[in-house]
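Engineer: Here are the chains, one letter per residue:
Number of protein chains: 2
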Amino acid sequence: MREVAIIGIGQTKVDEHWDKSLKELAGEAVIDAMRDANRDYADAVYIGNMMSGSANHQQHLGALIADWVGLRYTEAIKVESACSSAASAFRAGLMAVASGQLNCVVVAAVEKMTDSTMAEITTELATAADADYEAGMGLSFVALNALIMKRYMHEYGWKKEDFAPFPINAHVNAVHNPNARFQEAITLETYLKAGMICPPINLLDASPVGDGAAAAVLVPLDSVTRDGRPLVKVVGSGGATDSIGIHHRREPLFLKAAEISSKQAYQQSGLTPKDIDFFELHDAFSIMAALSLEASGFAERGQGPRMANNGDIYPTGKLPVSTRGGLKARGHPVGATGLYQITEVVQQLRGEAGGNQLDGVKTGMAQNIGGSGSNIVTHILQRV
Amino acid sequence: MREVAIIGIGQTKVDEHWDKSLKELAGEAVIDAMRDANRDYADAVYIGNMMSGSANHQQHLGALIADWVGLRYTEAIKVESACSSAASAFRAGLMAVASGQLNCVVVAAVEKMTDSTMAEITTELATAADADYEAGMGLSFVALNALIMKRYMHEYGWKKEDFAPFPINAHVNAVHNPNARFQEAITLETYLKAGMICPPINLLDASPVGDGAAAAVLVPLDSVTRDGRPLVKVVGSGGATDSIGIHHRREPLFLKAAEISSKQAYQQSGLTPKDIDFFELHDAFSIMAALSLEASGFAERGQGPRMANNGDIYPTGKLPVSTRGGLKARGHPVGATGLYQITEVVQQLRGEAGGNQLDGVKTGMAQNIGGSGSNIVTHILQRV
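From first to last, the protein sequence lines stand for chains A and B. Position 217, counted from 1, in the first sequence is what the numbering used here calls 201; the numbers after and before it change by one each time, with no gaps. Position 288, counted from 1, in the second sequence is what the numbering used here calls 272; the numbers after and before it change by one each time, with no gaps.
Hints may contain errors.
Chain copies aren't distinguished; within one or between two, either way the pair holds.
[What the hints assert, rightly or not] List of simulated lysine-lysine pairs, DSBU-like, C-alpha gap at most 35 Å:
| id | residue 1 | residue 2 |
| --- | --- | --- |
| 1 | Lys247 | Lys217 |
| 2 | Lys4 | Lys240 |
| 3 | Lys247 | Lys346 |
| 4 | Lys217 | Lys346 |
| 5 | Lys217 | Lys(-3) |
| 6 | Lys134 | Lys144 |
| 7 | Lys302 | Lys177 |
Keep in mind that the hints were calculated from the coordinates and are not lab data.
Take the sequences, apply the hints, and build the full model.
Structural biologist: Put into structure tokens, the structure is as follows:
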């Protein structure tokens, strides 16, 4: 199996892009990534996207986007695993290059959500849950996460304000990220006063949807001619599922799929949680940030909020998370989010994270969660 | 790169399965395939599907189906490329096993279309075309194919009745396939009297949609213990795109993506069109059957109908096609079709095709078309 390098990255700002179509958004990210990689050709285009078929009345994004960016005739597919679609597409592209079957894959992920009404988007998002036993009963995604958070607070004795450091950290970091949807800091007071959506989840526990696209160019490491720039390779990758409905889980408060996929990534890389310098986790809701830290080996069960309250997750802490704003403040264009996470890890490892740059980081992890924890994909990247 | 064998296949009848949910349908095919393979575990589940997000209000089929069939925690993704979703998922699974990264992948493809109205399904199918320049102008998929067929008849001088052998052959063959939607033969007279949908396409030029699922189990060839049954391996695989809209194509009457992907499959296998014993082609419309024969190297440009009228495509001909009814009579559950084609090739190569069994066949080809020719995936399978 060949080692794989990420030689180009691109992303658009997460925003309400009413003036751009789906393919225009994706095209911007792909062309930026290919320019960054100094390539004008690829063997395949892998697209991550969740809801274009219903939200944009357009399926078949592989053929659509490949042609739009000038790669007509190139093999192209879409990969979907709900909110982890982008990381699943990245992992598929990674396997194709690692295996020697393809020599250059452009992975791009895109979601365009703000042309729809919030009612439509809430319905679309619910298709990531169990249609028969969750969505069909009227459970929205916020409600599912609220059930988990409520039980977690009951079980481990945490209070509402104990979750505040997650969104506060994300929002403070997003101030320095020009591609973030909300480039504004919040305080504990703002957090505690935020409107309740579904108790105990308030507006500042929930990530905002948005339109956006990100892309990465993957090639075999040994094919890269060094040009003096830092180079980033993928050292670990894993993917796993859990029951789609939370009512079927043996332990609804533990992300088993995060544990399995992060262990796969640790094993492949020969690394342990202690070797990870920073972690782009899936803070779609504050509770998910806590659960990710626990299942990925950074905190004991029920102790995710302690890490946050100790300051460990801040840029100066032991394990900075959401360093460019995370889902919470950079925004969560659902099927594209996993590739924002990966491109942000690359930015940090290359020293291109601007006002968010962490000192001396060599190894970063990205974890993308599909559904309420039912599909989780983890990648570890390293500067070489 | 490891050689890959198909050690298990399963499929449901293509029908109106109003009594079964999406996951029940997929589950039947997967469990049949795993029983056939004598396996109770897989490293990953790859799902092919096009429209479940809108037609069934359920995305995230990877996690849904993996759990349903007893493979909770297993990695699982969905692959989509419109009507070629199933073959794209199969190709992704093939690459994962060939590369040595996974040792057993279950590929399953499912589509459940008959719970929706025909107006809804026509709208869903149009998402495989260019939303801005085709679907947005009111062009349905039948209309797109009608434009191609009309121009083709004008350009090459064929008459309506010259296309009759394609559906006649398909329907005669489907009589012997218990999983076919329409197990009834038709005559030239029936064909010519069939109601017009969109000139020149009549009801018997168009494949029927339906509900159905098919599955295949992929493992490395060298891991298989022979048990006396014929074994089938994948010897060639290719995938390519063309512009999503036909108005952008340099040659709207030639399936460039079929030419590229079949050449890739020929090259990988060291075979030529002459070595192919039979061909499960994508006869969604009669015109597509003709164009497939031409682009895949079996007929000169404009001469597909001649092969049909010579009788070359019949079970006794030089290159039998649609041997179990094809899309036309077995039925076309859109995102599942490509895996029906592959499982039918396996049935023929194993000698399990019942009343459709071809004599002494060793090499079969399957070609799955997404959109109006914008994504085409070709596989060559061989008995070993």
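Engineer: Hint by hint, where does the structure go against what was stated? Just the numbers, ascending.
Structural biologist: none
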